[in-house]
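Asker: Chain by chain, the residues run as shown.
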Amino acid sequence: MSDKSWLSEIPQLDRHQLLDIRKTLDGAYRSFSREYGDSIEAFFDPLLSFLIWFEKLLLNSPWWLVIAALAIFAYVASRSWKLTLGVIVAFFLIGFFGMWDNTMRTMSIILVSTMLAITFGVPIGVSMARSNRVQSIVTPILDIMQTMPAFVYLIPVVMLLGIGKIPGVIAVIIYAIPPVIRLTNLGIRLVDKEVLEAATAYGASPMQRLFGVQIPLAMPNIMAGINQTIMMSLAMVVIASMIGVKGLGQPVLKSITNQYFTLGLLNGLAIVALAIIFDRISQSYAKRTLQNFGGHE
Amino acid sequence: MSTTENKVPLIRIKKLYKVFGKNEKKVLEQVKAGKSKEAILAETGHTVGLADINLDIYPGEIFVIMGLSGSGKSTLIRHFNRLIEPTAGEIEIAGCDVMKLSEKELQDFRRNKMSMVFQRFGLMPHRTVLQNITYGLQVQGIKKKERELHGQEWLETVGLAGYANQYPAQLSGGQQQRVGLARALCTDADILLMDEAFSALDPLIRSEMQDQLIELQDKLHKTIVFITHDLDEALRIGDKIAILRDGILVQQGEPVDILLNPVDDYVEAFVKDVNRARALTVETVMQPQICRISSETIGEAVIQMRKSKQDYGYVINDQGYRGVITQETLEGIEKNDYSKGINASLLEDVPAVQSDALIETVIPEMLDNTHPLPVLNAEGEVEGHLCRSTLAEVLSDQSSSENS
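Protein sequence lines, in the order shown, are assigned to chains C and R.
Here the first sequence is numbered in the numbering used here, starting from 1 and rising by one per residue.
Here the second sequence is numbered in the numbering used here, starting from 1001 and rising by one per residue.
One thing to keep in mind: the hints can contain errors.
Label-pair restraints from in silico Cβ distances [what the hints assert, rightly or not]:
id, chain 1, residue 1, chain 2, residue 2, range
1, R, E1085, C, Q135, 17 to 25 Å
2, C, S284, R, K1015, 55 to 63 Å
3, C, S61, R, N1165, 33 to 41 Å
4, R, E1085, C, S39, 43 to 51 Å
5, R, D1108, C, K193, 17 to 25 Å
6, R, E1085, C, I144, 36 to 44 Å
7, C, F92, R, Q1152, 48 to 56 Å
8, R, L1068, C, K193, 17 to 25 Å
9, C, K193, R, I1214, 25 to 33 Å
10, C, K193, R, N1023, 21 to 29 Å
11, C, S136, R, E1215, 50 to 58 Å
12, R, N1165, C, K82, 25 to 33 Å
To give an idea of the chain R side of the interface with chain C (calculated C-beta under 8 Å), a few residues [unchecked claim]:
id, residue
13, L1083
14, S1115
15, F1118
Straight-line Cα separation of at most 27 Å, BS3-like style, residue types lysine-lysine; simulated pairs [stated by the list, open to error]:
id, chain 1, residue 1, chain 2, residue 2
16, R, K1113, R, K1014
17, R, K1143, R, K1104
18, C, K193, R, K1022
19, R, K1100, C, K193
20, R, K1100, R, K1015
21, R, K1022, R, K1037
22, C, K193, R, K1113
23, R, K1335, R, K1307
24, R, K1113, R, K1219
25, R, K1007, R, K1113
26, C, K193, R, K1104
27, R, K1307, R, K1340
Source of the hints: derived by calculation from the structure; they are not laboratory data.
Values in this document were obtained by computation on a predicted structure and should not be read as measured data.
Backbone N, C-alpha and C define an ideal beta-carbon position, used for all residues, glycine too.
In isolation and in its complexed conformation, chain C is listed as follows (with noise of 0.2 Å):
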């Protein structure tokens, strides 16, 4: 501490003890990683395995498949002609401007995170709604991932997993994920208090109760969530372009450092075509589950 007095200055640590404690800290987290980055690594050899298999899949697979495949896709979710053939043409203008590769390894990096937030954000939510006190641990802490600027937990990632695919997934499902978790919760707490005590008064057990009353009942909310997930991830592609994930990121991210004005436009204008696709086929099916609930209001 200075001789200054406490009243003009705020009392900070000095350099010295600002410096060790960062180097404690980073110490340990460096020997940490040393110590089990291997390890860790290869748990989530699996993983990296799929995201690679699934890459490959899309890239490998022709043009017409894939937009096909994608077209189908969008009208068994939204029976919406003019949607299906909006993803046609989307589809093709990405392939005839040269993003076609890029494209598809961004879709697959969306997807597979996606996947994999639902697949952790749902039951988290469900625990959430279930429990007053698992939703006041975790509210906070998903503050923080929407909060935290993604650079700050970029860090620990790439010193633990190095750069590549998987840093990228974990980094894109910390930011997306927290939409997904909020809304489950959300959508469960507001199901309508008669209905699940109707359920209950049938007998209906915890289990039955959830799988056939809750979540149903909470599935537009749930797919206002994932909507969301899919779009914060989407945002997340230039960022995690930076630790070594290909797509449509890098070629923004060159355009930023050699002022590349169109290339930035073009590969910017496919990330925001995605975005629209999957935002409005994630809609209109909430959408048609919701038109049942309402029914002809």
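Take the given structure of chain C and dock chain R to it, following the hints.
Answerer: Just chain R now, kept in the frame of chain C:
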């Protein structure tokens, strides 16, 4: 209104207490000590939901629990299947101590012993009408084919045959509650809990549903616990009525008891707006003594007539009630005709009324005839008579208490 003396109650509730709050058990002592609801709320922040409830409900009856909103009636009905845990007390249903059931046993109990109809219907919006009706069976693990067969039957019974594949939101309120009713009946449980089941419906549909319930009950003989805030409804469908006020049972008994002998101001306030003509049956207000002319000949009839104080008599023979004969007519007959039989030309045609008819329905006949009307029981025997003055008294009693 069956006799219940020698039956065993199907549902028995003893000394049931419910306190809402963090420290139920501790506050319970104060409730038992007789502290008022307001004092407890002010001192401890706990709400007394129910206090010292004792009920016996017999098999096959419609037991109505009535009270204003906040009186604890919905809380009470949720204790029957333990949707709400009591703070203290015993609940015994069909010889089974519900409080001792484990989580699993309770599930089983709810699946098989009771079903429930809800005020806001409680239908599942993501399931079709048929899927809603068969929900109870699905929970029980019954195969789809079998439960749909069963569900279809009930769907027809409640008059929604063509609606199997609609979603609840596509139906009107009345139709939705029919689905709720069919769902409750579909599990074949003996006990039906109905929590303000018809309160959310508009009046016309409501009385339609009440009729349907009564009609179904005649066939099914379930034990129905019915919650309502509407005394007209309670009187219409209830075999027994219990009135709840601030979590305390103030009066229970048959509808007529409640209507004619309210125990306190609260019940009286409830009762005063009731349309008595629609709530009471002829039986409850008729006078039992009558002048009965059962003779074959005019001579004996004259003797019988002289013995009675009235100037008219009801002529009854083997075929039952024939009509009214007046003293005037009898006196007009010459003495040498006394050995003749009483023939139809001497009689005045006064219609009889059924003892279980509502007063409302007999008013027109009452006004058309100067003589009191004979009251017939279900076997067609004359049980008593109903005269204008009695009727006027019963109906005007109401208006006098309204003015007070």
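Asker: Now look at each hint and say whether the structure bears it out.
Answerer: Each hint, compared with the structure:
1. For the pair E1085(R) and Q135(C), the beta carbons lie near 23 Å from each other, so the given range of 17 to 25 Å is met.
2. Remark: the range hint 55 to 63 Å for S284(C) to K1015(R) is upheld by a beta-carbon distance near 57 Å.
3. The hint said 33 to 41 Å for the Cβ distance between S61(C) and N1165(R), and at roughly 39 Å that hint holds.
4. A C-beta distance of roughly 49 Å is found between E1085(R) and S39(C), which places it inside the suggested range of 43 to 51 Å.
5. For the pair D1108(R) and K193(C), the beta carbons lie near 23 Å from each other, so the given range of 17 to 25 Å is met.
6. Remark: the range hint 36 to 44 Å for E1085(R) to I144(C) is upheld by a beta-carbon distance near 38 Å.
7. With their beta carbons about 50 Å apart, F92(C) and Q1152(R) fall inside the hinted range of 48 to 56 Å.
8. Taken as a hint, the range 17 to 25 Å holds for the pair L1068(R) and K193(C), whose Cβ atoms sit roughly 22 Å apart.
9. Judged by the Cβ atoms, the range 25 to 33 Å given for K193(C) and I1214(R) holds: they are separated by roughly 30 Å.
10. The hinted range of 21 to 29 Å is satisfied by K193(C) and N1023(R), whose Cβ atoms lie roughly 24 Å apart.
11. The hint said 50 to 58 Å for the Cβ distance between S136(C) and E1215(R), and at roughly 52 Å that hint holds.
12. Distance hint for N1165(R) and K82(C): a CB-CB separation of about 28 Å, consistent with the stated range 25 to 33 Å.
13. Interface restraint check: L1083(R) against chain C, minimum CB-CB distance 6 Å, threshold 8 Å, status holds.
14. Interface restraint check: S1115(R) against chain C, minimum CB-CB distance 7 Å, threshold 8 Å, status holds.
15. For F1118(R), the interface hint holds, the least distance from its beta-carbon to any beta-carbon of chain C being 5 Å, beneath 8 Å.
16. For the proposed pair K1113(R) and K1014(R), the alpha carbon gap of about 20 Å is at most 27 Å, so the pair holds.
17. The hinted pair formed by K1143(R) and K1104(R) meets the criterion: a straight-line CA distance of about 21 Å does not exceed 27 Å.
18. About 21 Å separates the Cα atoms of K193(C) and K1022(R), which keeps this hinted pair within 27 Å; it holds.
19. Between the alpha carbons of K1100(R) and K193(C) the distance comes to roughly 26 Å, so the proposed pair stays at or under 27 Å and holds.
20. For a cut-off of 27 Å, the pair hint linking K1100(R) to K1015(R) stands: about 16 Å separates their Cα positions.
21. For the proposed pair K1022(R) and K1037(R), the alpha carbon gap of about 16 Å is at most 27 Å, so the pair holds.
22. Under the criterion of a C-alpha separation no larger than 27 Å, the hint pairing K193(C) with K1113(R) is consistent with the structure, at around 22 Å.
23. Distance restraint check for K1335(R) and K1307(R): the Cα-Cα separation of roughly 18 Å lies within the 27 Å cut-off, and the hinted pair is therefore satisfied.
24. Restraint check: the Cα-Cα separation between K1113(R) and K1219(R) comes to about 19 Å, which is no more than 27 Å; the hinted pair holds.
25. Annotation: proposed proximity of K1007(R) to K1113(R) holds, straight-line Cα distance about 19 Å (limit 27 Å).
26. With a C-alpha separation of about 22 Å, the suggested pairing of K193(C) with K1104(R) holds against the 27 Å cut-off.
27. Taking the CA atoms of K1307(R) and K1340(R), the gap is near 20 Å; set against the 27 Å cutoff, the hint holds.
Every hint, counting from the list given before, is met by this structure.
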